[in-house]
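2 protein chains.
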Amino acid sequence: MNIVLLSGGSGKRLWPLSNDIRSKQFIKIFKGKDGEYESMVQRVYHQIKSVDDDATVTIATSKKQVSAINNQLGEGVGISIEPCRRDTFPAIALATAYLHDVQGVPENEAVVVCPVDPYVEREYFEALKELGRLAAEGTANLTLMGIEPTYPSEKYGYIIPESKENVSKVSTFKEKPDVETAKDYIARGALWNGGVFAYKISYLLDKAHELIDFTDYHDLYAKYESLEKISFDYAVVEKEKSIAVMRFSGEWKDLGTWNTLTEAMEEECVGDATLNDTCENVNVINDLSIPILCMGLKNAVVAASPEGILVSDKEQSSYIKPYVDKLDQQVMFAEKSWGSFLVLDVVDESLTIKVTLNPGHRMNYHSHEHRDEVWTVISGTGRTVVDGVVRRVRPGDVVSVIAGQKHTIIADSELQVVEVQLGSEINVADKKKFDFDFDAM
Amino acid sequence: MNIVLLSGGSGKRLWPLSNDIRSKQFIKIFKGKDGEYESMVQRVYHQIKSVDDDATVTIATSKKQVSAINNQLGEGVGISIEPCRRDTFPAIALATAYLHDVQGVPENEAVVVCPVDPYVEREYFEALKELGRLAAEGTANLTLMGIEPTYPSEKYGYIIPESKENVSKVSTFKEKPDVETAKDYIARGALWNGGVFAYKISYLLDKAHELIDFTDYHDLYAKYESLEKISFDYAVVEKEKSIAVMRFSGEWKDLGTWNTLTEAMEEECVGDATLNDTCENVNVINDLSIPILCMGLKNAVVAASPEGILVSDKEQSSYIKPYVDKLDQQVMFAEKSWGSFLVLDVVDESLTIKVTLNPGHRMNYHSHEHRDEVWTVISGTGRTVVDGVVRRVRPGDVVSVIAGQKHTIIADSELQVVEVQLGSEINVADKKKFDFDFDAM
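Line by line, the protein sequences give chains L and E.
Our numbering puts the first residue of the first sequence at 1439, with every later residue one more than the last.
Our numbering puts the first residue of the second sequence at 1439, with every later residue one more than the last.
Treat the hints as calculated values from the structure; they're not laboratory data.
Any given hint could turn out to be false.
You can't tell identical chains apart in this list, so a pair holds if it fits in one copy or across any two.
What the hints assert, rightly or not - In silico EDC-like cross-links for lysine to aspartate or glutamate, where the CA-CA straight-line distance does not exceed 20 Å: (1) 1501 - 1810; (2) 1736 - 1718; (3) 1736 - 1715; (4) 1774 - 1547; (5) 1602 - 1474; (6) 1593 - 1783; (7) 1844 - 1877; (8) 1621 - 1644; (9) 1869 - 1753; (10) 1764 - 1715; (11) 1679 - 1773; (12) 1661 - 1850; (13) 1567 - 1491; (14) 1661 - 1490; (15) 1501 - 1613; (16) 1759 - 1710; (17) 1614 - 1773; (18) 1450 - 1710; (19) 1567 - 1472; (20) 1764 - 1710; (21) 1607 - 1644; (22) 1759 - 1715; (23) 1593 - 1492; (24) 1469 - 1875; (25) 1774 - 1725; (26) 1679 - 1644; (27) 1621 - 1600.
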């Protein structure tokens, strides 16, 4: 099976664990098989691999998620990087071209496209496999998964099939209705559109060439910024006559808010938390290193990260977005291609952070115009380079870098460094990158 | 007026803002006249001084509160330090001897004793002045303040006066009753015993000499550890025949739990906090530098400090103690005589803290057997001494101290230092102090 997982934007609805830098799909709150916590993207990836070990998994996403994906899934997963956001049709065209031109998948094979963050069980991925098989058979140009509705939701679009057979031609699509209309649709056998579909590579590439002037993946990537924003529904689905739908009646949840996300948690708490016995329907996700004590709460979610602390009635939590938009705050934690950083302290003219470098990884060779930096190694071993001078470092070693000096650090084992930044203008934009022949070290 | 404020123990009921190191009376949550937040002890001190600018204020407390008292009240306040806890009679005897022998207060003057943490208005301190005047007149050996009960509380002892006059002889004392008995007492004109009383210095010193073999304050201090634990009620009040009580009907609150403390807050929030409009009767005290967002909460208190986060139904918050007892945690923040420290990060074999030194203050000259330390100055100026070598430091300067080296740091202006500790056995007990002639620097 070839599967493309669409990995979306920032997800402020799950603040403070999700923000501009870290998206909800990377929050580790699900208990994996080995007892370790895993994120939505890890859970889905492991589920796909358990259903089809040979599956080619490609994540279609923006550049800023690449580090988190590599950190969480390793190098085995394909990533189709969108140079900028251009809605779903260009993204799917790019990912399909990537599969064909970069991964070498033949054009008569099928591709299944689905969001990266459904909360589902094994049967869902068995259904995706079947969807791919139907698409490869070619009875229709597009084969959708239609989810059997469990209530007359106003949140989803509806697919009206021609028959109530397991696989049927699609009669028509309906936009998000009101509750009464939804009841009527459901009475007519309608299905939720969960944004899951399959097609043959040749079909999609033909569509792409019809609408975009490009030669291959690399050409498409290069001109991506110039493409028109257009949704897959608008560009393809609405114009296509040959569409089939396959019913799916298994468990399916969309974890977009704290309310729905906490429903999917197998344990009340993740992280250091205590609930007294008068708490009812309370979930705590604590990403800080200090304890949380909850007493006498009902139907509440508490989420804490280096970005902030949310304490909310579960139902109210779905109205979070405008409040988070108003919080004007510094990024306190971020995963990078080389590891991660955590802000420890902010004072006037100085910022202290903890930098963790993964083994074998390094920062870019760079300089700052307006700040000095002092590194104190607290664990692991590695090498620093300051203006070309290489030095081995271990815990307790201190390296001072003054403004203008080019510098980098390379981790031989996992390396943790306390970095004190000093200057009157400390900001992330003050960074110049340089080439350095790391292979010659 | 001579006033002795009894400053009690740790107050785990107000965790995470109060703990073994920091007591509730030092939490800054009341809006002072100048708009700055002040603590209970600051509020009470300023109230006393506004009623009687010449008042001699002495705080009777343990050694570990001395730094916080000096930081919050300056050097103007007298402190009677109890070398160890020996209950209220020895504490009051020691404070009275301190007033007489150290402060030189004549023995015919009166002393008013009251707890350090009542939440009261100016009229209360006017009443204390009157209490002192009555004691100085000498119509009774002991003059108590009796608080007019507002409900039949089971939390307080009761004083039954002989008459309903404003000042009356005491007929009898009653231990904490049940509600029905309390109703009966109140019908008989009973008053709450708020632990406030006044006496002449000569009276109390005579009592002390009867029960304890000592010459003067210094002798009493020296043998304090050998004294029997005995309460003032048991040692003095129960045996005394000549006791008067003065009624007080003004506002009086005992702020022992989050529930009662938040009632006294003038604003919903202290620190960085947002409440949405569906929150009702919610208070937030945020001592962290990250934002707290509350949505849809009712009758709740949220308190956050470097020690942890409490989210509690207000009424439930009075049952906090056993839960806090179970939290086995490191002290993350402490006020010291020289300033304060805040733990920024803990990893295996390394601890990073931020040290703030008040201008003109310094650490002890000391060494550690099992850890190295690296100081990076982030603000202010000062001097370091390492094995006798003095060095001036300013922001960006780094001083490395290896295990065994004697070291200290002196702040010329307010000085902030990031200290990275490194070693396999990092603990507060690993500290040897040395003499150093700071005056010769």
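- Between the shortest in-copy and the shortest cross-copy C-alpha distance, which are at most 20 Å for residue 1567 and residue 1472: within, between, both, or neither? neither (26 Å within a copy, 69 Å between copies)
- Item | Homomeric proximity label, residue 1621 with residue 1644: Cα distance no greater than 20 Å | For residue 1621 and residue 1644, neither the intra-copy (38 Å) nor the inter-copy (89 Å) Cα distance is at most 20 Å.
- Within, between, both or neither, where residue 1614 and residue 1773 count as close if Cα-Cα is 20 Å or less: neither (36 Å within a copy, 58 Å between copies)
- Item | Intra/inter-copy verdict for residue 1869 and residue 1753 if alpha-carbon distance must be at most 20 Å | Neither, since 43 Å and 52 Å both go past 20 Å.
- Message: At most 20 Å between alpha carbons: which applies to residue 1602 and residue 1474, within, between, both or neither?
- Response: The answer is neither: 42 Å in one copy and 70 Å across copies each exceed 20 Å.
- Intra/inter-copy verdict for residue 1450 and residue 1710 if alpha-carbon distance must be at most 20 Å: Classified as between; 19 Å across copies, 23 Å inside a copy.
- Up to 20 Å CA-CA - residue 1810 versus residue 1501, copy category: Neither, since 29 Å and 41 Å both go past 20 Å.
- Message: Within, between, both or neither: how does the pair residue 1593, residue 1783 come out at a Cα-Cα threshold of 20 Å?
- Response: neither (42 Å within a copy, 43 Å between copies)
- Message: Reference check for the pair residue 1774 and residue 1725, CA-CA at most 20 Å: within, between, both, or neither?
- Response: within (18 Å within a copy, 29 Å between copies)
- Query: Taking 20 Å as the upper bound on the Cα-Cα distance, should residue 1621 and residue 1600 be classified as within, between, both, or neither?
  - Reply: Intra 18 Å, inter 78 Å, cutoff 20 Å: intra-copy only.
- Query: 20 Å Cα cut-off: does residue 1679 pair with residue 1773 within a copy, between copies, both or neither?
  - Reply: For residue 1679 and residue 1773, the Cα distance exceeds 20 Å both inside one copy (44 Å) and across copies (74 Å).
- Item | Homo-oligomer pair classification [residue 1875, residue 1469; C-alpha up to 20 Å] | Answer is neither; intra-copy 42 Å and inter-copy 59 Å both fail.
Violated hints, listed in ascending order, are 1, 4, 5, 6, 8, 9, 11, 12, 14, 15, 17, 19, 21, 23, 24; each of the other numbered hints is respected by the structure.
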